[in-house]
Amino acid sequence: MITPKSGLKGTTRRAALKTLAGAAAGASLPLWARYTHAQTAAPIKVGFQVHRTGIGAAYGRWYDRTTQAAVKLINEGGGINGRMVEIVAEDDGTDPKRGAEVVEKFANQHGCDIGFGTLFSHVVIGSAPRAGELKLPYFVVSEGHHVASGKLNRYTLQPGITDVKSQVQAMAPYVAQNLGRKVTMVFPDFAFGHDHRDFFTAAIEAQGGEVLEHIAIPPAETSFTKYFPKIPRDTEVLYHVMVGPAVLTFVKELGEFFGGQGPALFGFIDSLEAVAIDSPGLEFLENSYFWEGMCRHRQPDESADETFYREAVGVDDRGASVSDARDVSTYAHMFGCWETLHVVKAGMEASGYAGPQDRAALIEAVEAMTDMPAGRDHPQGAKRFNGKTHQVFGHQYISQVQGGQLVRVHTTSIEDTLYPDEVDYTTQAF
Amino acid sequence: MRVIALSGICLALMAGTLWAHASEQGFVLLLPTDVYIAAGGVTVALTVVLLAVLPGGLAEALFRPAPVPWMRPRVRHAASVLAALLLGWLVWRGLAGTRDPLVNPLPLVIWVVFWIGLVSAQGLWGDLWRGINPWTGPAAIMRRITGWRAPLRYPRRAGHWSGVLGLLGFAGFLLADPAPADPGRLAMAVGLYWCAMLVGLLAFGPAWLLRAEAVTVLMRAYARMGIAGRAGGRLALGLPGWQVLAAPKAGAGLAVFILVMLGSGSFDGLNETFWWLGVLGLNPLEFPGRSAVVLPNLLGLMAANAALVAAFAACLWLGERIAGGQASLRALFCFYAPTILPIALAYHIAHYLTAFLVDGQYVLAALSNALGLGHVHVTTGFLNTPGPVRLIWLGQAGVVVAGHVIAILLAHALAMRTGRGARRAVLGQAPLAAFMIAYTVFGLWLLAAPRGA
Numbered sequence: 001m002i003t004p005k006s007g008l009k010g011t012t013r014r015a016a017l018k019t020l021a022g023a024a025a026g027a028s029l030p031l032w033a034r035y036t037h038a039q040t041a042a043p044i045k046v047g048f049q050v051h052r053t054g055i056g057a058a059y060g061r062w063y064d065r066t067t068q069a070a071v072k073l074i075n076e077g078g079g080i081n082g083r084m085v086e087i088v089a090e091d092d093g094t095d096p097k098r099g100a101e102v103v104e105k106f107a108n109q110h111g112c113d114i115g116f117g118t119l120f121s122h123v124v125i126g127s128a129p130r131a132g133e134l135k136l137p138y139f140v141v142s143e144g145h146h147v148a149s150g151k152l153n154r155y156t157l158q159p160g161i162t163d164v165k166s167q168v169q170a171m172a173p174y175v176a177q178n179l180g181r182k183v184t185m186v187f188p189d190f191a192f193g194h195d196h197r198d199f200f201t202a203a204i205e206a207q208g209g210e211v212l213e214h215i216a217i218p219p220a221e222t223s224f225t226k227y228f229p230k231i232p233r234d235t236e237v238l239y240h241v242m243v244g245p246a247v248l249t250f251v252k253e254l255g256e257f258f259g260g261q262g263p264a265l266f267g268f269i270d271s272l273e274a275v276a277i278d279s280p281g282l283e284f285l286e287n288s289y290f291w292e293g294m295c296r297h298r299q300p301d302e303s304a305d306e307t308f309y310r311e312a313v314g315v316d317d318r319g320a321s322v323s324d325a326r327d328v329s330t331y332a333h334m335f336g337c338w339e340t341l342h343v344v345k346a347g348m349e350a351s352g353y354a355g356p357q358d359r360a361a362l363i364e365a366v367e368a369m370t371d372m373p374a375g376r377d378h379p380q381g382a383k384r385f386n387g388k389t390h391q392v393f394g395h396q397y398i399s400q401v402q403g404g405q406l407v408r409v410h411t412t413s414i415e416d417t418l419y420p421d422e423v424d425y426t427t428q429a430f
Numbered sequence: 001m002r003v004i005a006l007s008g009i010c011l012a013l014m015a016g017t018l019w020a021h022a023s024e025q026g027f028v029l030l031l032p033t034d035v036y037i038a039a040g041g042v043t044v045a046l047t048v049v050l051l052a053v054l055p056g057g058l059a060e061a062l063f064r065p066a067p068v069p070w071m072r073p074r075v076r077h078a079a080s081v082l083a084a085l086l087l088g089w090l091v092w093r094g095l096a097g098t099r100d101p102l103v104n105p106l107p108l109v110i111w112v113v114f115w116i117g118l119v120s121a122q123g124l125w126g127d128l129w130r131g132i133n134p135w136t137g138p139a140a141i142m143r144r145i146t147g148w149r150a151p152l153r154y155p156r157r158a159g160h161w162s163g164v165l166g167l168l169g170f171a172g173f174l175l176a177d178p179a180p181a182d183p184g185r186l187a188m189a190v191g192l193y194w195c196a197m198l199v200g201l202l203a204f205g206p207a208w209l210l211r212a213e214a215v216t217v218l219m220r221a222y223a224r225m226g227i228a229g230r231a232g233g234r235l236a237l238g239l240p241g242w243q244v245l246a247a248p249k250a251g252a253g254l255a256v257f258i259l260v261m262l263g264s265g266s267f268d269g270l271n272e273t274f275w276w277l278g279v280l281g282l283n284p285l286e287f288p289g290r291s292a293v294v295l296p297n298l299l300g301l302m303a304a305n306a307a308l309v310a311a312f313a314a315c316l317w318l319g320e321r322i323a324g325g326q327a328s329l330r331a332l333f334c335f336y337a338p339t340i341l342p343i344a345l346a347y348h349i350a351h352y353l354t355a356f357l358v359d360g361q362y363v364l365a366a367l368s369n370a371l372g373l374g375h376v377h378v379t380t381g382f383l384n385t386p387g388p389v390r391l392i393w394l395g396q397a398g399v400v401v402a403g404h405v406i407a408i409l410l411a412h413a414l415a416m417r418t419g420r421g422a423r424r425a426v427l428g429q430a431p432l433a434a435f436m437i438a439y440t441v442f443g444l445w446l447l448a449a450p451r452g453a
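For the record, the sequence lines run as chains A and B.
Position one of the first sequence corresponds to residue 1 (our numbering), numbered consecutively onward.
Position one of the second sequence corresponds to residue 1 (our numbering), numbered consecutively onward.
Since the hints were made in silico from the structure, they are not lab data.
Given the structure is predicted, the values throughout are model-derived calculations rather than measurements.
Among the hints, a few may not be true.
Capping the alpha-carbon separation at 25 Å, the derived lysine to any residue pairs in SDA-like fashion look like this [unchecked claim]:
| no. | chain 1 | residue 1 | chain 2 | residue 2 |
| --- | --- | --- | --- | --- |
| 1 | A | K252 | B | L30 |
| 2 | A | K388 | A | Q400 |
| 3 | A | K45 | B | K249 |
| 4 | A | K72 | A | T307 |
| 5 | A | K97 | B | R185 |
| 6 | A | K97 | B | G269 |
| 7 | A | K226 | B | L282 |
| 8 | A | K151 | A | D416 |
| 9 | B | K249 | B | L237 |
| 10 | A | K105 | B | W89 |
| 11 | A | K105 | B | L282 |
| 12 | A | K45 | A | R154 |
| 13 | A | K388 | A | V407 |
| 14 | A | K105 | B | V103 |
| 15 | A | K72 | A | S303 |
One chain only, chain A, in its complex shape (with noise of 0.2 Å):
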């Protein structure tokens, strides 16, 4: 389990009282007065590292527009530390060699202060090494577990979205009380896919239940029907998480062949990140249910928090584009952008950041953030950071499809998400 830490470390804590005295002041002041100040500071600059092509390009599209919005909002409310924030947006291409180029060039050419907002795995995976060889602190979004695992650096951090890892296990409780114990898998049979099944597996054994039998599909594959009859009988739960332009495919097969009389399905939204539930073929997911990391529907009980940040990136009620109905956002995962930055900016005002030789203070400051309330900084929901894994954890939600609506029927604990440190990154110097 993690272990919450008390408070702040020795050095941090003094830069933390000094800025929270700065801040005092500068609250004190009116505000076309902190404007003017911070108008005149040099800006921070924040390297985005954004998928603007490649395999991640839908999801970069919507990860610039909730980190333009997040920088929007801080700079309106003062910036950080009187300065303004600046964006410097760099495309990856979603590729790890690209990606570990634009690291560089964020530190080299555009004397950027962090680097910030990598989505994909391998692209993280293939930049954080440079990230850490160039001292810049590298804030990422993606959910992989490679942060926690040890995998990575002191330099790189995931404070603003939990961990796959975190995620599978939390499902575990409710799925073996509500749905049933005995469980089929299917899942694409690569690294993505066997994440799932060893973390589920052994999860759901936990809770006293069983998986009767786990299906690989090859990840090429594109009609399903032939492995449906390996599905045991006395199946209760079918957890899926196919992914790839076949996934509609899966899923309309799958009505067929079940006629809608089969087990309970359970599913990761990521399947259907970015398309409207209520797509024509998609009809057979009436009653299935999902983990959503944010619920893409308007709950009835939406927190003025979360309203305030729909509105703030230009979301509906569905979770699609005010612009246009159509045009399905990445609800579930987006958030993590907006976090991340405030994230930060909590960070840098506790360390008193003024420039790049702050950057190792900077990563005390946020290792040593232990609870983050929900609120408007973390409209998701309340999180809590493990500063020696480097890795946020926090609330997960079940949603079932009810009429076309994705409703909410369970929140996770966060302790329901937590797991045994893998690594300490406190003790790797800077």
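Add chain B to chain A, keeping to what the hints say.
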């Protein structure tokens, strides 16, 4: 590891920037594309059958242009100089402007406005490039000011072969470079190419542009597909392809150039498919990025073009043997190669249609931003909705089928000109017709196949 595949359906739905033009794939896979593909193949086959039974001069008559009155604007080099100035400004923005390739005007203009838009417009309408070629105006001004005369003669034997090399280089950059949209990288490539071609033009005179400068050669070739052209010194309009019949015979270099246009375009589609990624031993759901496939894609580009040239030549050779003719393969190749132009154009338009619909919005957004007209929301919503996806796919397929039908008609009209009579013309064309039917099916399959890169 998850996030590599986290793209989920988006891997397919992502709105295609030019370099990632997978798109509405999930919904395309739900369409009965097998039926559509078969229908396309049958349409082209029926065209062949119809030509065999209908009067021999029909195809030729279809392509007869009609003259129209037209005052030629006297702009001479002004548009060219403006185009050169614009290009200079774009290169500067590429080097100094924002690093975002969907905001920086250089990649937007080069890849979306020029490569998708202008090339298509050139093929649909006619020679627009002649006026805005960014070399002719600056070279004319330099000649006028300095009295410069080209000191060298472009070697006749070199023909269009330098152009072929240039086109392969361009296709290699487009398909295999890790970051062809990176503003700085593109600025270097465009700036250096412009300078090098200007030097060539000054050294060798206009022949350089007409034979060695790949963009001009490509644009002039596509202009043959336009409905507007010159006949008897006047502007004339006709069915797409009439200028192919009216044009002088192509040399061997130009004939190969035309096949490379199609071969490279087809490989542009092929290299994204699950099939190609499977050939490379890559997981199609976990594409490692362009930098990992530079060499395979370059080799694939060369192999695709070589295979196309070989298959085309083999069909011509076989047809001539069946028809009992004695023409040399080289002569046949040069004679029939221009009939490939409508297929190349059709594939260009179909392949880039989705990318154009998305990236075109980024062009509008950049323009709107520059003119202070406010925010333009770039949407890909229409790619996430079955109705529009089906419409787009059928539109693409229709263009591909139309291109092949025109190609068949052109080949038939040319064959009739050999004066052997309809029966031998049809017989001699049989292998080429079979090739075109197969290529229709292949082209439609490319539009329907799952893509992972």
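Verification of the supplied hints:
Pair hint A/K252 plus B/L30 holds up; C-alpha atoms about 9 Å apart against a cutoff of 25 Å. The suggested pairing of A/K388 with A/Q400 is violated, with an alpha-carbon distance near 35 Å, which exceeds 25 Å. Using a Cα cut-off of 25 Å, the hinted pair A/K45 and B/K249 is violated, with the two alpha carbons roughly 59 Å apart. With a C-alpha separation of about 17 Å, the suggested pair A/K72 and A/T307 falls inside the 25 Å cut-off, and the hint holds.
Restraint check: the Cα-Cα separation between A/K97 and B/R185 comes to about 15 Å, which is no more than 25 Å; the hinted pair holds. At roughly 23 Å between alpha-carbon atoms, A/K97 and B/G269 fall within 25 Å of each other, so this suggested pair holds. Straight-line distance between C-alpha atoms of A/K226 and B/L282 comes to about 24 Å, which keeps the hinted pair within the 25 Å bound. Between A/K151 and A/D416, the direct Cα distance comes to roughly 23 Å. Compliance with the 25 Å bound is thereby established for this hinted pair.
Distance restraint check for B/K249 and B/L237: the Cα-Cα separation of roughly 21 Å lies within the 25 Å cut-off, and the hinted pair is therefore satisfied. The straight-line distance between the Cα atoms of A/K105 and B/W89 is roughly 24 Å, inside the 25 Å bound, and the hint therefore holds. Using a Cα cut-off of 25 Å, the hinted pair A/K105 and B/L282 is violated, with the two alpha carbons roughly 29 Å apart. For the proposed pair A/K45 and A/R154, the alpha carbon gap of about 21 Å is at most 25 Å, so the pair holds.
Proximity of A/K388 to A/V407 is assessed by CA-CA distance (about 35 Å); at most 25 Å being required, the pair is judged violated. Note on A/K105 and B/V103: the hinted pairing holds, with a Cα-Cα distance of about 18 Å set against a maximum of 25 Å. A distance of roughly 21 Å separates the Cα atoms of A/K72 and A/S303; the hinted pair therefore holds under the 25 Å criterion.
Going through the hint list in order, the structure does not satisfy hints 2, 3, 11 and 13.
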